[in-house]
Amino acid sequence: MTLAIDVQQLTKVYNGRIRALDGIDLEVKAGHIFAFLGPNGSGKTTLMRILTTQFRPTSGQASSFGLDVVRDSAEVRKIIGYVPQETSVWADISGFENLLIYSKIYGVPSGRRKKAVRQALQRMGLEEVATNMVKTYSGGMVRRLEIACALLVEPRILFLDEPTIGLDPSARKAVWQNLTSFKKEHGTTVFFNTHYMDEADLYSDEIAIINRGKIVKSGTASELKQSLRSEILRFYSEDGNNVDERTLNDIRDLSMVSNATLHGPRLDVAVEDGERALPLIIGVLSRAGFTFSRISSAKPSLDDVFLRYAGQINFKEGGDDL
Amino acid sequence: MTVNDSFREMFAMIELEMRRLRHDRTEIYTRAIQPILWLGVFGSVMSQVNAIPTGGIPYIDFITPGVLLQSTIFVSVFYGLTIVWERETGILKRLLVAPASRYATVIGRSIASGVRAVVQALIIFPVALLLGVRFIPNPFYILAAFLVLFLVSGGFAAISIFVASVMKTRERFMGLGQALIMPLFFASNALYPIKMMPPALQYIAVMNPLTYAVDAVRGLMISGDVSRLAIDMTAIIIFDIVVFTVASLNFRKIIE
Numbered sequence: 001m002t003l004a005i006d007v008q009q010l011t012k013v014y015n016g017r018i019r020a021l022d023g024i025d026l027e028v029k030a031g032h033i034f035a036f037l038g039p040n041g042s043g044k045t046t047l048m049r050i051l052t053t054q055f056r057p058t059s060g061q062a063s064s065f066g067l068d069v070v071r072d073s074a075e076v077r078k079i080i081g082y083v084p085q086e087t088s089v090w091a092d093i094s095g096f097e098n099l100l101i102y103s104k105i106y107g108v109p110s111g112r113r114k115k116a117v118r119q120a121l122q123r124m125g126l127e128e129v130a131t132n133m134v135k136t137y138s139g140g141m142v143r144r145l146e147i148a149c150a151l152l153v154e155p156r157i158l159f160l161d162e163p164t165i166g167l168d169p170s171a172r173k174a175v176w177q178n179l180t181s182f183k184k185e186h187g188t189t190v191f192f193n194t195h196y197m198d199e200a201d202l203y204s205d206e207i208a209i210i211n212r213g214k215i216v217k218s219g220t221a222s223e224l225k226q227s228l229r230s231e232i233l234r235f236y237s238e239d240g241n242n243v244d245e246r247t248l249n250d251i252r253d254l255s256m257v258s259n260a261t262l263h264g265p266r267l268d269v270a271v272e273d274g275e276r277a278l279p280l281i282i283g284v285l286s287r288a289g290f291t292f293s294r295i296s297s298a299k300p301s302l303d304d305v306f307l308r309y310a311g312q313i314n315f316k317e318g319g320d321d322l
Numbered sequence: 001m002t003v004n005d006s007f008r009e010m011f012a013m014i015e016l017e018m019r020r021l022r023h024d025r026t027e028i029y030t031r032a033i034q035p036i037l038w039l040g041v042f043g044s045v046m047s048q049v050n051a052i053p054t055g056g057i058p059y060i061d062f063i064t065p066g067v068l069l070q071s072t073i074f075v076s077v078f079y080g081l082t083i084v085w086e087r088e089t090g091i092l093k094r095l096l097v098a099p100a101s102r103y104a105t106v107i108g109r110s111i112a113s114g115v116r117a118v119v120q121a122l123i124i125f126p127v128a129l130l131l132g133v134r135f136i137p138n139p140f141y142i143l144a145a146f147l148v149l150f151l152v153s154g155g156f157a158a159i160s161i162f163v164a165s166v167m168k169t170r171e172r173f174m175g176l177g178q179a180l181i182m183p184l185f186f187a188s189n190a191l192y193p194i195k196m197m198p199p200a201l202q203y204i205a206v207m208n209p210l211t212y213a214v215d216a217v218r219g220l221m222i223s224g225d226v227s228r229l230a231i232d233m234t235a236i237i238i239f240d241i242v243v244f245t246v247a248s249l250n251f252r253k254i255i256e
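Sequences listed follow chains A and B, in order. The C-terminal residue of the first sequence carries number 322 in the working numbering, and the numbering is unbroken. The C-terminal residue of the second sequence carries number 256 in the working numbering, and the numbering is unbroken.
In short, the hints are calculated from the structure, not lab data. Just so we're clear, the structure is a prediction, and the values are computed from it rather than from any experiment. Just so you know, not all the hints are guaranteed correct.
To be verified - Restricting the straight-line Cα-Cα distance to at most 30 Å, the calculated cross-link-like pairs of lysine-lysine (DSSO-like) are: (1) K168(B) / K253(B); (2) K168(B) / K78(A); (3) K253(B) / K135(A); (4) K115(A) / K184(A); (5) K78(A) / K253(B); (6) K253(B) / K214(A); (7) K168(B) / K104(A); (8) K253(B) / K104(A).
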């Protein structure tokens, strides 16, 4: 199967000294939604701009559906849609006019143009404001119009650079609902950069985290979360009796447990895999005669994953509080 | 990238400019004030002096072609500001990622600016008529004069796009735009014949594309002497080809 995006040993050096990308390898399967995460200045936008043929890489290779982004750049531009981080529609004409101009630039045949514009407006829920000037639009509407412009030609890959930055939660949700329904209908591959971990978690099939020009971790959201091996199980004492030091040490000695700490009547146990560790811990506790009214588990979020692999703060293994 | 695709993109760019103009014409009106002052005040006063050998043409008539050209070139030279603005937003990135050639983008934008400039001239033209400027009553000549305005404005818009892709910020662009226009105007035959200039300035005037444009428009609109039209048109077309090429070659750099 041809990969939607195939990146090999890609580097980009600015002005001969700033290494924005430092040997990136990346594969994105066709039809997947791929989230690219990283702190500011980590090289996310640089990679996107190379993939969308705006920049040439310093070395290495990148291709979209087998088309090389440097050698076949004109062909690549025909199969991709791109929404940059900054506003990319004209504010002094209407939404409809923006789509019309873009449909002409993208070469939508005149017979299909009206229909394509109408569909794009409908897909992004902009029919009612189509004839209003773009400068009267809200941030979310502008973003949806930009995506609508990119979808006019039904691209095989859609590149979105921080698609929901600066939008309120309901506008973000609207953007994603429209995007996912379009994707379902057309099987478009979506590659997006983001800071919002919840979006990557909810909408992506695969994630890669970049830091200082290198990919530090990739996989599905659940794989990434599991890779932290730091689920916290919380046991709440029924009668206020605290677990004694010996039992605490017994729990710590279990192979799957990385740490156990007491917080008043609550016992926190940091484990790699909660589902398998839980019966063992309960065994130790019941042999020692302790009963608990409630057990809760706190799984690491994608935020924790991000902080671990790309954050500057050191993540304390099995920390006593999440 | 076929020729057809390129033309399609150029027309899309012209359409964009026309649609913008339809929504907001303020700029066209405010930009008309200065040239109207040149004609109405400077032209009228200087007509009384009779110090400049105009070949028997009233002074206000003599400077009308230059003023028309200056006003259209103003529109073109500051067209680059639109490009700088589009660079600051994501529009240029997006256009350069679209399946269109940079030549089509640059030439399309330049032509679009030329169209805008002609609209500008169309506002000043009736004012000149009211001020008593006598145009050659030949519609073909007048049309040809507007074609010259269009070609020259397009060329200056290309220069402006080139400057935008080098300067990249609004402030630097404004500075250079201002520094470019008035010397261009003064170092041409717009306000006085080249023969009256100091020799050093005469060399500059001969290299100045505006000189040929003024000469062509003056011949077509005012004096009716079109004997040098072929030379003038050749100069203007060479100018256009050179600036379109240079601006296109440099255009991708604007987003870096």
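Evaluated hints:
no. : hint              : result
1   : K168(B) / K253(B) : 10 Å, holds
2   : K168(B) / K78(A)  : 27 Å, holds
3   : K253(B) / K135(A) : 28 Å, holds
4   : K115(A) / K184(A) : 20 Å, holds
5   : K78(A) / K253(B)  : 21 Å, holds
6   : K253(B) / K214(A) : 26 Å, holds
7   : K168(B) / K104(A) : 27 Å, holds
8   : K253(B) / K104(A) : 24 Å, holds
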